[in-house]
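Keeping their order, the protein sequence lines are chains A, B, C and D.
With the working numbering, the residue at position 25 of the first sequence is 25, and numbering never jumps.
With the working numbering, the residue at position 66 of the second sequence is 66, and numbering never jumps.
With the working numbering, the residue at position 301 of the third sequence is 301, and numbering never jumps.
With the working numbering, the residue at position 292 of the fourth sequence is 292, and numbering never jumps.
Rather than coming from a laboratory, the hints here were simulated on the basis of the structure.
Worth double-checking, as some hints may not be accurate.
Stated by the list, open to error - Beta-carbon label-pair distances, calculated as ranges: (1) D/86 with C/283: 40 to 46 Å; (2) B/270 with C/322: 53 to 59 Å; (3) B/232 with C/129: 51 to 57 Å; (4) A/377 with D/203: 49 to 55 Å; (5) C/175 with D/282: 40 to 46 Å; (6) A/260 with D/75: 43 to 49 Å; (7) D/203 with C/175: 39 to 45 Å.
Glycine is no exception: its CB is placed at the ideal position from the N, C-alpha and C atoms.
Below are the chains, spelled out letter by letter.
Number of protein chains: 4
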Amino acid sequence: MNKPTDIQELPSMPNADSEALLKKYIDVRAHTLQIVRPLRAEDFVVQPVVDVSPAKWHMAHTTWFFEEFFLAKSSDSYKRFHPRYAFLFNSYYESVGERVLRPNRGNMSRPTVDEIRDYRQFVDEHMMSLIPQLNPASLQLLELGLNHEQQHQELMLTDIKYVLGHNPLFPPYDEQFEETPNRKIEEGFISIEEGVYEVGFEGEGFHFDNEKERHKVYVNQFEIRKNLVTNSEYKEFVEAGAYQNPKYWHSDAWAWIKENNITQPLHWHQIDNNWYRYALAGLQLLDGGEPVTHVNFYEAAAFAEWSGMRLPTEFEWEVASDQFVWGQRWEHTNSAYLPYPGFLKPEGAIGEYNGKFMVNQMVLRGSSVATPTGHSRKTYRNFFHPHLQWQFSGIRLCKK
Amino acid sequence: MNKPTDIQELPSMPNADSEALLKKYIDVRAHTLQIVRPLRAEDFVVQPVVDVSPAKWHMAHTTWFFEEFFLAKSSDSYKRFHPRYAFLFNSYYESVGERVLRPNRGNMSRPTVDEIRDYRQFVDEHMMSLIPQLNPASLQLLELGLNHEQQHQELMLTDIKYVLGHNPLFPPYDEQFEETPNRKIEEGFISIEEGVYEVGFEGEGFHFDNEKERHKVYVNQFEIRKNLVTNSEYKEFVEAGAYQNPKYWHSDAWAWIKENNITQPLHWHQIDNNWYRYALAGLQLLDGGEPVTHVNFYEAAAFAEWSGMRLPTEFEWEVASDQFVWGQRWEHTNSAYLPYPGFLKPEGAIGEYNGKFMVNQMVLRGSSVATPTGHSRKTYRNFFHPHLQWQFSGIRLCKK
Amino acid sequence: MNKPTDIQELPSMPNADSEALLKKYIDVRAHTLQIVRPLRAEDFVVQPVVDVSPAKWHMAHTTWFFEEFFLAKSSDSYKRFHPRYAFLFNSYYESVGERVLRPNRGNMSRPTVDEIRDYRQFVDEHMMSLIPQLNPASLQLLELGLNHEQQHQELMLTDIKYVLGHNPLFPPYDEQFEETPNRKIEEGFISIEEGVYEVGFEGEGFHFDNEKERHKVYVNQFEIRKNLVTNSEYKEFVEAGAYQNPKYWHSDAWAWIKENNITQPLHWHQIDNNWYRYALAGLQLLDGGEPVTHVNFYEAAAFAEWSGMRLPTEFEWEVASDQFVWGQRWEHTNSAYLPYPGFLKPEGAIGEYNGKFMVNQMVLRGSSVATPTGHSRKTYRNFFHPHLQWQFSGIRLCKK
Amino acid sequence: MNKPTDIQELPSMPNADSEALLKKYIDVRAHTLQIVRPLRAEDFVVQPVVDVSPAKWHMAHTTWFFEEFFLAKSSDSYKRFHPRYAFLFNSYYESVGERVLRPNRGNMSRPTVDEIRDYRQFVDEHMMSLIPQLNPASLQLLELGLNHEQQHQELMLTDIKYVLGHNPLFPPYDEQFEETPNRKIEEGFISIEEGVYEVGFEGEGFHFDNEKERHKVYVNQFEIRKNLVTNSEYKEFVEAGAYQNPKYWHSDAWAWIKENNITQPLHWHQIDNNWYRYALAGLQLLDGGEPVTHVNFYEAAAFAEWSGMRLPTEFEWEVASDQFVWGQRWEHTNSAYLPYPGFLKPEGAIGEYNGKFMVNQMVLRGSSVATPTGHSRKTYRNFFHPHLQWQFSGIRLCKK
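This is chain A alone, in the form it adopts within the complex (with noise of 0.2 Å):
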């Protein structure tokens, strides 16, 4: 195989094991598909917001993702399963010259699924074949395509859940889907020493470039909660009029309330006078014991004003995340998303896929009941704008 240009400033890692990646390509792969399984072919179709993409085309593009930078570069005689789908299901726009009709995902009614199912099912042969064969740096790169690909298994789940439930009818996407499956966490505060800690990651297994360089940070003395804030909680800050009053508020939040016209989280309904949530499993009477789930930034900003209390920097997040339990909800940190001391963007598209985002997005700490099993660890920083709620994202506060 032809190394790709890319693959010399990726982040050194040692050797991976071919056949254990080969393993986990077969997996991840094979977990996106099970994600799709309750969905008709119509509900693969449709992106009512432009954060949501339909989940036909996340199928194809994490397809894509393998196909351009492993198969397209490993052989002259390689040739592509459809010669317009690199320009259909390439995400990182700018670096593409050519557009005859902009691809504007939610109008895309073909490919169908089947096609695409049949696009996955040919790179999938041909990747098979080719990752025994693939050196260090190559492996590295496939590692990279697997993660990208989970990340995409997430959103899925998100973006079908947002599709489901600002359908009229409200159709369960499964009546199994359990959002919630540990509720039994300790309450109470952490308190974590001032002092200098390291912050960021350490050791030899897989993390994006954001992580990167571990340093250190002066963190002043602090407490933290054991829990996330539920529904519960949640709900007397609604019912006691947060939404209608600015001075618990951001301003460019007030700006986004005022605009949009918002009087609760994303998924809540109001109906005869009580509150119901849209679930995965459905339209359901909002559960109080549950954490909170679907607030943006300017809400858990908000909550946390309203509540006396504030959110957690991403450090003092990743200092005391031993010390309690996370994996219910992205939980989001008073840090803006911004490059670590010593950060270096790799050339190339690769380099296009977290420097290009460090402004105006915050940090979000942890992992969702949706992420792929594995995937986070304490150091992952996620990131979205702040007004963005689509996410199973939640809040743990400090004291102030």
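Chains B, C and D: place on chain A using the hints.
Below, chains B, C and D without anything else, positioned relative to chain A:
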């Protein structure tokens, strides 16, 4: 059957034959299914622009008309197919109070196409029992419902063409579809004498309220062309730089061109210095002999201006229509869509059918290759906002 | 003087008397200064909405007309007052190539009002020397220029009213300004017989190209009201909840109401349960006896529908106009602004005066309290987009 | 004087000397009038974009601050200069209930400049009697009011520059205004050692709440440039096509460039192949030796990327600031505007001063040629949204 309250206000028509209408009902309903036969499930869902509705919405909305105005009123024991469908598929939003979530058509993956097929079958079975029992007034309303479905049949074709023609893969709808079956049309002009003429619907068959009252108009002498403007003629206009020169255009037209960066008719594409056109049969080299299609009023008027001619008024068109062949394309007129003398808007929802659109729209006369057989007539008044291009619309000229 | 190339295409008119036109020039130009006398420097600058131009722009633009079409063409030795003014004050943007920065009217603090006064005086001095030497064709163009300035005089008043009426302090323009000088108008209806009538300008005086050709129209019998709809009548409509009920409104009208949250005519204010109206004399209690003002076509049509009546067509209005008093308010008609049979657009910039606006606008007939004396006549065709409220426009009704 | 309820929450400061503050009051208030001296009445009115306020609004709003927080609370007998001004000139809209008409700043021709000058004089006379009687807490608030006016003085200059610099006539503000008085600045880099540093305000003078608490941060070794990026250097970036190449830009930056068609810094103009720049002294040839000005965060970050460097963090800047000359331009940092550890937002309207802006904005350090003397200090944190260009902002680089 309880008489719908709307019926008394319908235009007076002779008793229709219920047996003939039952047959027409079966034919019209079957024709809708015929139109969607080439589609894949995914094609039924998308709404790339607000004027283009998903095919499954058309299928359900036309069915809702019969459920709402016949079955729901026919007996207290009728149980609707689904309690929410009246809400989802009513296009007369203004008279609907309740709104949980706005049924944004292109974002609704559910109900699925199969569920809507079941809905159609359910309603058809009930209607076929009911039709033989309908009184004359209800039969009139039935005929309106069938004409309504025929209008949506034409929209389905143009909407599907828009969806597939904006897909980067340009998938054909039906490779056998011939958009200009009748090409041998004589050239030259017809001259019509000055005088008082009668226009508007006359006789006893079905017609829309906007075609009445038949009335006298004074028409000056004029000359009108026998054949429509061709692609060749229109290509000259394009290649003469007319889309870059404000002098041919209305002020609002020029603003539309600038805002949308328009340089050619809808579905035209310049690829490697050749002109192509997306037709229902697929992407093909522009055929100079065909009548130009998918031009809006602004383009039709600018073309007329550029060629030293003008568009006919709707009355000129009607007076001359027995003397030329029409039916290839909807033909733009220079008449605004306004009520005829003595026009009375019926009470109730039926009253929203035509009257409320009588501002800001221009009249088109004739019919197109997409119009169901027998649907139109020479007094038929079609109407669109002047910027809309997606219908099978063409240009007939008059001398100045 | 070099004959401007535009002049040959002007409508044919008899030779005007240059002495009379010199006197008219002096009067019209002085009247513009009369109108702005009550203004403070700051009032000349702002443009709160796109349809409202700053007073100093009106003053300069009308002056530019004479500089551009007379002085700049009169002799090679004429030196323009300022080399950039032709660029700044040309409203016929389409025929202007150069653009350094878009001259966004309401953001231009310079030139100052005093500089524009100097510009007017400079141009007036040159024009007063030139007028006695003009040939007949140029005298016709001069009369067009004076009518053009009169049109801007009316716009200045309505624009100033908009600016001051939207200031939270509601400063009066002129406390002596009487918006309804002539209140004693007979009630009742006039009946007009069916038949062929002639409409359009006839005779030898000044008129716009859109008033020609005089032509025959067939008019059905109709009855038209002698007096305009009053504030009292319109207040009933408002208080009956008509702005909340879609049944009276065109579809586009209802969209306008919803998008702009409209609940009453422009310049009406409900304060402490009383209705006030901003008039040029200041904020005052609504006078029920005055004709309603500042309603757009949508509102006029909805009011007519609500009251079981209709608006006249422009031809009905013209045919009946000798039999009622007009001149209080511009009167909405149910006619779209379209060319008369035989209408020919003049070549060049003058050709942009009327023809390019002949789509999407409705005709208003008569004149208003703000129209300069002698400017209008019964064949005069004013026109606006149907959503515009800021003119002194009112409602005359016909029986259905 | 009744103590304003807001005062208890002010940051604790030592008693200020009322005599010194009276003198400062007189100086600051006079300086505002000094700034507007070159303006014509028309220049005080316009608001070409939402971030640019009219000069007369700045003059009135800074005056309102003293009337609202001092005079209105000082005695029950105080009669406001005008009952509506508190409504018109309060920028803290969120805590104001009543709204008759939204006081859209750029559309308010009244009150006139002269009326606002009278308002200033009225308030100044009352304040000068009141200041000697103020208690220490009120004197602190007074110092805040004066710093507030100084911030608006800088905005007045940049807003006026925007207004005149976007006028097609490019009128100078003041031909003597020198935007870069201090040009002789050493080149080269300063190196700072790794370690724990203290940042934030220390001492007893005036400071904003966002500068506290002083706290420890861990800073890695870094090298920072002694002089700012020059116009020559930035011109290379422009001429290298950087505005056409996405690889240097953040994702949001690229969207901003595309949406606004940005090709160069604000106030740069390419005319006949020469680069010009609008300065307060008028349009002039670009001076390569001056520091680049009016670049936003996106441009600063892209320039740094292009040149293989990076922007400093705000803490690096502060730690190194004693070792270089600052004060020419506000200097972009790569730090988001976030609270310091222990930051507490004061209660009431004063609490809206800083805290609510702590999202989506980036920190700028230093000061500019437009900053009033003595207003800034090395711990001062200025902040803007990353797309805003209209301040006197420049670029200081660090080695990667």
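How the hints compare with the structure:
no. : hint                         : result
1   : D/86 with C/283: 40 to 46 Å  : violated, 20 Å
2   : B/270 with C/322: 53 to 59 Å : holds, 58 Å
3   : B/232 with C/129: 51 to 57 Å : holds, 55 Å
4   : A/377 with D/203: 49 to 55 Å : violated, 43 Å
5   : C/175 with D/282: 40 to 46 Å : holds, 43 Å
6   : A/260 with D/75: 43 to 49 Å  : holds, 44 Å
7   : D/203 with C/175: 39 to 45 Å : violated, 59 Å
Hint check: violations occur at hints 1, 4, 7; the rest are consistent with the structure.
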